[in-house]
Structure formats: structure tokens, C-alpha cells
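Top to bottom, those sequences are chains A and B. Residues in the first sequence are numbered consecutively from 1, following my numbering. Residues in the second sequence are numbered consecutively from 1, following my numbering.
Hint data in this document are derived by calculation from the structure and do not stem from the laboratory. Think of the CB as a built atom: it goes at the ideal place given N, C-alpha and C, for glycine as much as any other residue. Treat the hints with care, as some may be off.
Claimed, not checked - Just the calculated beta-carbon pair ranges, DEER-fashion: (1) A/K467 / B/P170: 46 to 54 Å; (2) A/G366 / B/E23: 46 to 54 Å; (3) A/E343 / B/Q42: 30 to 38 Å; (4) A/N27 / B/A204: 34 to 42 Å; (5) B/R9 / A/N4: 53 to 61 Å; (6) B/Q197 / A/S495: 58 to 66 Å; (7) B/E227 / A/S350: 29 to 37 Å; (8) B/T98 / A/R364: 22 to 30 Å; (9) A/D471 / B/A204: 38 to 46 Å; (10) B/E23 / A/S350: 22 to 30 Å; (11) A/L618 / B/G94: 55 to 63 Å.
As the list claims (entries may be wrong) - Here are the simulated DSS-like cross-link-like pairs (lysine-lysine), alpha carbons at most 30 Å apart as the crow flies: (12) A/K182 / A/K31; (13) B/K147 / A/K367; (14) B/K2 / A/K507; (15) A/K182 / B/K92; (16) A/K182 / A/K467; (17) A/K383 / B/K2; (18) B/K92 / A/K383.
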Amino acid sequence: MPLNAKIPSGPIEQKWDRHRFDLKLVNPANKRKFDIIMVGTGLAGGSAAATLAELGYNVKAFCFQDSPRRAHSIAAQGGINAAKNYQNDGDSIYRLFYDTVKGGDYRSREANVHRLAQVSVNIIDQCAAQGVPFAREYGGTLDNRSFGGAQVSRTFYARGQTGQQLLLGAYQALERQIGAGKVTMYPRTEMLDVVLIDGRARGIVTRDLITGEVSSHAADAVVLATGGYSNVFFLSTNAKNCNVTAIWRAHRRGAHFANPCFTQIHPTCIPVSGDYQSKLTLMSESLRNDGRIWVPKTKGDERPANQIPEAERDYYLERKYPSFGNLVPRDVASRNAKEVCDEGQGVGPSGLGVYLDFAEAIGRLGKEAISERYGNLFEMYEKITGEDPYEVPMRIYPALHYTMGGLWVDYNLMTSVEGLYAIGEANFSDHGANRLGASALMQGLADGYFVLPYTIGDYLSKHMDEKVTTDHPAFAATEAEVRDRTEKLLAIDGSRTVDSFHRELGKLMWDHCGMNRNDAGLRLALEKISALEEEFWRDVKVVGSSDTVNQSLEKAGRVADFFELAKLMCYDALERTESCGGHFREESQTPEGEALRNDEDFSYVSAWGYNPDGAPQLTKEDLEFEYVKLTQRSYK
Amino acid sequence: MKLTLNVWRQAGPDAEGRMQRYEAPDVSPEMSFLEMLDVVNQRLEENGEEPIVFDHDCREGICGACSLMIDGVAHGPQAATTACQLHMRHFKDGDEITIEPWRAAAFPVLKDLMVDRSAFDRIIQSGGYISINTGSAPDANEVLVPKVDADQAFEAAACIGCGACVAQCPNGAAQLFTSAKVSHLGLVPQGQPERDQRVVSMVAQMEAEAFGSCTNHRECEAVCPKEISIDFIARMNRDYLKARIMSRAK
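Can you make the complete structure from the sequences, with help from the hints?
So this is what it looks like as C-alpha cells:
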């Protein structure tokens, strides 16, 4: 089945405006006749639910947390990009567009990215009006910083807690609509399947995480805003409960999954300390603005960092990439850290770490200035490691952080299932093969505040008076499938815990589908994952029952879906024999060991269709570049 | 190191709870408190017993999900730290640790260490926002915010809504939580049009929930993982009084 991205015609600067004019509107009096289901209430889902309710639609919003304020968007530290050019340093919508397409290693759609850059300026206005306490200059204007490889200062921030403050802004807007009765909120409720009637998404089946009750909800459209799938690796910077289930269930019902192997490894995380490790903690990459990354020149140098003289340190990013230095994009920084550690120059007990050193910056700017910028990050680091980064360099190592892949969506953010939308990290749309720093918050809010509320109206306007209720047999049938699966998991009563399977799966993925990938490794991973999955369904032990809070049961359902996703990621990584962005195929590198893209053969989005009987089916959406010139990325 | 845990187990909202004793024989000082519980749970599951239920998510001290009374102190012995960021190096071999859910009438227990904090959401619903529909905002730099105000607003806005303040208060009062939001929005120019009505509505909702009254124990401030100051309570009280006497707030 060919996929139509529905990209509007015309010059790129005019596509979105023209499209907005072409979209059909829903009469204000008719909006209240439509019900929209929003699954996930982080930055994308929360902002979309609030905005749709403001427009007059009836929204039913679902989240598995006890409150929408706890979605994992809250943990984003560094900031949010916008092409405001407040710093007068040459930024523009076109430059943000260009940087994002380039940063994504030319594997994203030009039209989507340009729209993202356009609406970025509205996001900052909206958030400031909500009272988000952004950092300010003494004159009262907004402050900006340069972030993650950008050569202009376009990142807005609220200390190291930008995600928290933006999420609370969206959360407050959402709570306002809940109070007004326009949004019905279902916290502690997990979506376990999407219900299709005549090929259109008409509702979902959920499980109440307190009572265990399985129930159905009908609507005119369903939006998935359920975030990314980094937790397939078990250890990632995602919150413990982040999972792929909502979008995976949608995939099984016919939504194509795009670029699943495009995962982002964040270069600045706190290294693993032991085999009980439950997650990894990110240190904002804004730290790279002032911190200098180095390792000892001598392999196995066990002296404390402060006793290693300047001449015996290898500031390897500054050495290899003189123009970008410590600010090279995330994928480049991560791969270089792995390389020096693989060569034996790593630091810390495991040897899997590099130094991020603030001594020079503290000397230049003073401790107070550094504390003003990064105080909360330094405190967090000290709590976790017991070491004071004002005195000794931080130790960092790359970790899974973000997934650029996700459900395939067209320009309207609709998946390949009619009436089913995906927004935020849950879709694949804007970041290509690598996301730039401070662009996740931007995309989540762009989708939620300024894109979906327009595009969904066009779809709804074509489906007036086509109500279904949960009495439709499709709901009962889907509910039965959900209950069967739950009972099946409980009935296995094997010998291994869910976590033990999840850890093993994560290790397989990190080893074979992580920072470096190759043909043999991916094939081996596919075999091993299938074997482990088979063992899971034979020997997993889920204690307790389904009619109460059962966190093991919740995890079991999610891990079962991670197995299927893991295989798809390996298929995707196998098929794409080029290196691009976060996807590094060892077979495709330059003589200097940098990623080698192959535009001739791989300028496409890989959209995978679900196949219950075997290998997934690939549909290619060709990418056309009319404005951005394709070059090999160079940060030398 | 080897620890003994006394953990509150309660099968459901209406079930009777009790303390249960567990041994944790192989705790590493590098573990976080929740990782220590993970290891205990792993063993329980292997033995076919139901694991201890507790809320947690980000494990970075920012989502506000974790909610444990550790030896009678909300989030445990380390100041300005959530339970997920508390590490076992702050305990010593042979310690006996008591773990309970948040203790407050307004936060009923759902199971074991998990409580219902939806009262906080209802306080926000009653007025903890600025009424600005998407699309109607002026250019962000059109409204100047003095840096000192923005910084102070941030201090208040840093609240993670965990509920430690309520759990530690002998009265189970929610003044610190409520005042943090009242102050955040009351300190920025964008929040001025609704300032009076906001404080009146939010205080009314707070009182309608099962929270107690503030009698200046300052326990809330002492356990707040984000070090939110009780100065904000004074600010809320002043705003409330002013709104009641001077304005048309209902």
C-alpha cells in the first residue's frame, strides 16, 4: 500500500499557510458534537487536549500516571528552541529549518520541519503568556543560550528544568479545561488497544490500574501522544513506566511504524554503577557549553583526574572537531565517547566513562556563575554519585535517550489508520535520523498547540453525524482480546520475573542495535530476541491477580510488546545499510571512521507494516529535498 | 550491607493494613532507595509473593511520583532529596528502616505505599492557571518581567507536587503546595488579572478537601525536596486577605 504524505504544494514558506486555508473547518456550534480521545498527557498530549477543549471539542484524556503533571516531558532539562532571533545573531525560521534538516542527517520531510520552525515562535509566546518562568535578562526580556551544536542562541530555558516548567504550563491549561468540564481526565488508566470500525479508529480499550477494570471508550478520533520507546533497552534515561504499548497496539491494528531503528544516544549521562541499576540519569547537554570533555592519554591511567597534568589529557572532541569542539551533535559526541572507552582510555570503576570538566569554566567565570547556570544539575550529580563536580570532573557516558522513529504520520499527523493520529515523540515526523538538542519540547508543543488542533478539524468535518457507541460489537471483541492476553500472562506462572527478561532484552539491544550496528550482529540479535521472547511466553512469572493494582502485570504487558518492537528495530537497522544520524552501520563509514550516508539508495522513510505471520512489510516514502542541499555532515 | 525493612502492606483502599518485616541482605551503598526496593521486590516475586507496590516513575527527582515515609520522614533523612534520589550510602550496615505511605487524610492509601493525591489536581483546577487560550498570546518580549520576579516565580514553580509537605505536617495541611502555585502565578505580570480570584478559589478548594489547617510547624519546608520556602505561605495569606477585603473576588 503506498503511503501518501499529503504534503501541500507551493513554496515551502507558504505550504502551511496555504494548507491551513485549504483545511475544512468545523462550525463552532458543531465542535461540541465531536468526541476526541487523547492517550498520553505530556507536552504533546496535554497541550493538544487543552487546545482542543478550548476550541470546543469534548476531550477524553488518559494517562497511566496518577496525574498529568508527572509525564516524562517533565524531566527535559536544557531548553526549547525557537526562531525568535531575539539575540540578533542571525537566526531565522529558515535557519532553524535548515539546521534541523541537516542535524537530522537529511532523513526528515522538509515541509514538516519548516512548519515546525514556523510555529516555534508562537510556542514561546504561548508559554510566556501562561506564566512559564523562563530565564530573563535584567531588562526583563527573555534570555537565550546556544545549545547542542547550534551556532546561534535560540534556546529558551528555565534553569535546568525547562521541561518541567513547560509541562506545568500545559498541565495547568489542561486542568483549567478539566475544571470547565470540557476534558474528562482518566489518570492511572492504561490504553491496551485501539478499536477500529470500518477501517477507522473509533475508540480504545483501557485498563484501570487501580481496580483492574477493562473498559471501552468511543470517539470520533483517537490521538496517541504516548512518547518514545527507549525503554526497549531497559536502561535508558526515560521514566521507568515509559513504554511502547499504545503505539505498538496501533501498529498491530494497521498503523505503519516509521524508522524504528532511529534512536538517539545521549552523550552526557551518569555511567552505570552496578547490575541493580534501574535507569540512567541524563545530565543536560547544556553542560557541554562550559564543560570540557577529556580522557587520559594513557590507557588505564588510574590517577585521580585532578592529578593528571594538562599535557597528559586528551580533549578528543576539541582535537578532532576544532570548529565545533565539545558542541558537536549528540550522535558524534556519543560515538566518540564509546570509541575512546573501547580503546581503553575510559575512566571510572567500569572504564565506561569520560570526564566532563568544569575547572576551566569555574576559573574563567567563577563558581557562582556556574552554579547559576547548572546548580541543580551539579546537585543531582552529587546525590547520585557522591562526588562534587565543583571539585572533581563529572564522569559521563552515553545512554539511550530519545527515539526519532515512531508511528508514520502524514503532514496532518494522521497515521496510516484513518482517524488515528500520533503526536510528539510517538510519531516519527520531524527529527530525521537524529534530533537536535532542545527540539523535542519544541516538536511536542508544536504538534499539540499549533498543528493537530487545525488538522484534526479537517478530518472531523468530513465525518459529521457518524456516531458509534461502545455497544458496537467491535468494542466487545477488542475487550475480549485484551482480557485474554492479561489472563494468559498471569496463567504462565513460570520461574523468571518480568524484569529479568526485560534486562536481558535490553542488553541484547544495546549490544547489537545500540550505538554501532552490523549485519552479523543484527541477525544474531533477531535470533536471540525470538528465543528470549519464546521463553518469556513459556516461563515468565507474574504474581498476583488482574483485579487490583498489579505493577508486575503492567510491566509484563509492556515487555511483551517490547519484544515485538525489538525485532522490528533490528529488521529496520538491517535493511538500512547506510549510516545516518543515530544509526551507525559499521559497514558504512568514511576512512576517518565517520558515518557515511548513502543518499542515492536511502533517501526514504522506512514505514513498516505489521505482519502477524513473519517478517514485517516495508513501504518506502521517498524524501525529496528542494531547499536543503544534501552534504555530508562535517563538524570538523 | 544488610538491612531490615518494616514495610506497610495494605491490599486495597478498604483493607486493613499492617507492618511487614523483610530482610534485605545484599544492599550496595551505590543503590538508590528505590533500587533497593526493586531488589527486595525481585526476591518476593521469585518466591511467589506479591511485590511491594509504590509509586515511582522518572527516578530523577522531578516527576514527584515517589512518596515514601522513611523512618517517619517524608522522602527520608537527606534534605532536599526525593526518595528516588536518596542513595543507600546514607544508611549503614545493620540499619532497620521503616517505610510507610504518605500519612494524610486527604491522601487515602490505594495499595501498600501508593496513595491517591488527586486532591492536588483539584486545587489546580480551581484556579492554578492563567486563562490564556492557545493562539491569543502577545509576543513573548512584549511583556517584560523583572529578573528578580522571574527568579522568585521560578523558585515557587519548582514544586513537584509530591505531597511531602502534607505528609509531614501534623495537621496534614496543603498550604505549602497551594501557596507555591498562588505565588508563582502571582509574581509574574501575566498572572495579575486573575490574582485575587485565583487565591480565593484555590484556598476554598484546599479547604473543601480533607487537608488540615496551617499552624506554623514548618515541617513542610523542612522536608520539601525542592526547598520551597514558607515565605510563600505568608505571601498567599496576604494575597488572600487583600482579595477578601479589597476586591470583587467571589
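So, going through the hints one by one against the coordinates:
1. A/K467 / B/P170: 46 to 54 Å: holds, 53 Å
2. A/G366 / B/E23: 46 to 54 Å: Holds, since A/G366 and B/E23 (Cβ atoms, about 49 Å apart) stay within the stated range.
3. A/E343 / B/Q42: 30 to 38 Å: Holds, at about 35 Å.
4. A/N27 / B/A204: 34 to 42 Å: holds, 37 Å
5. B/R9 / A/N4: 53 to 61 Å: holds, 55 Å
6. B/Q197 / A/S495: 58 to 66 Å: Holds - the Cβ-Cβ distance for B/Q197 and A/S495, about 60 Å, lies within 58 to 66 Å.
7. B/E227 / A/S350: 29 to 37 Å: Distance hint for B/E227, A/S350 holds at roughly 33 Å.
8. B/T98 / A/R364: 22 to 30 Å: For B/T98 and A/R364 the Cβ distance comes to about 48 Å; the hint is violated.
9. A/D471 / B/A204: 38 to 46 Å: Because 40 Å falls inside the window, the suggested range holds.
10. B/E23 / A/S350: 22 to 30 Å: At 29 Å between Cβs, range holds.
11. A/L618 / B/G94: 55 to 63 Å: Since the Cβ atoms of A/L618 and B/G94 sit about 59 Å apart, the hinted range of 55 to 63 Å holds.
12. A/K182 / A/K31: holds, 11 Å
13. B/K147 / A/K367: Within the cut-off at roughly 20 Å; holds.
14. B/K2 / A/K507: holds, 29 Å
15. A/K182 / B/K92: Distance of about 52 Å is beyond 30 Å: violated.
16. A/K182 / A/K467: holds, 19 Å
17. A/K383 / B/K2: holds, 22 Å
18. B/K92 / A/K383: The hint holds at about 17 Å.
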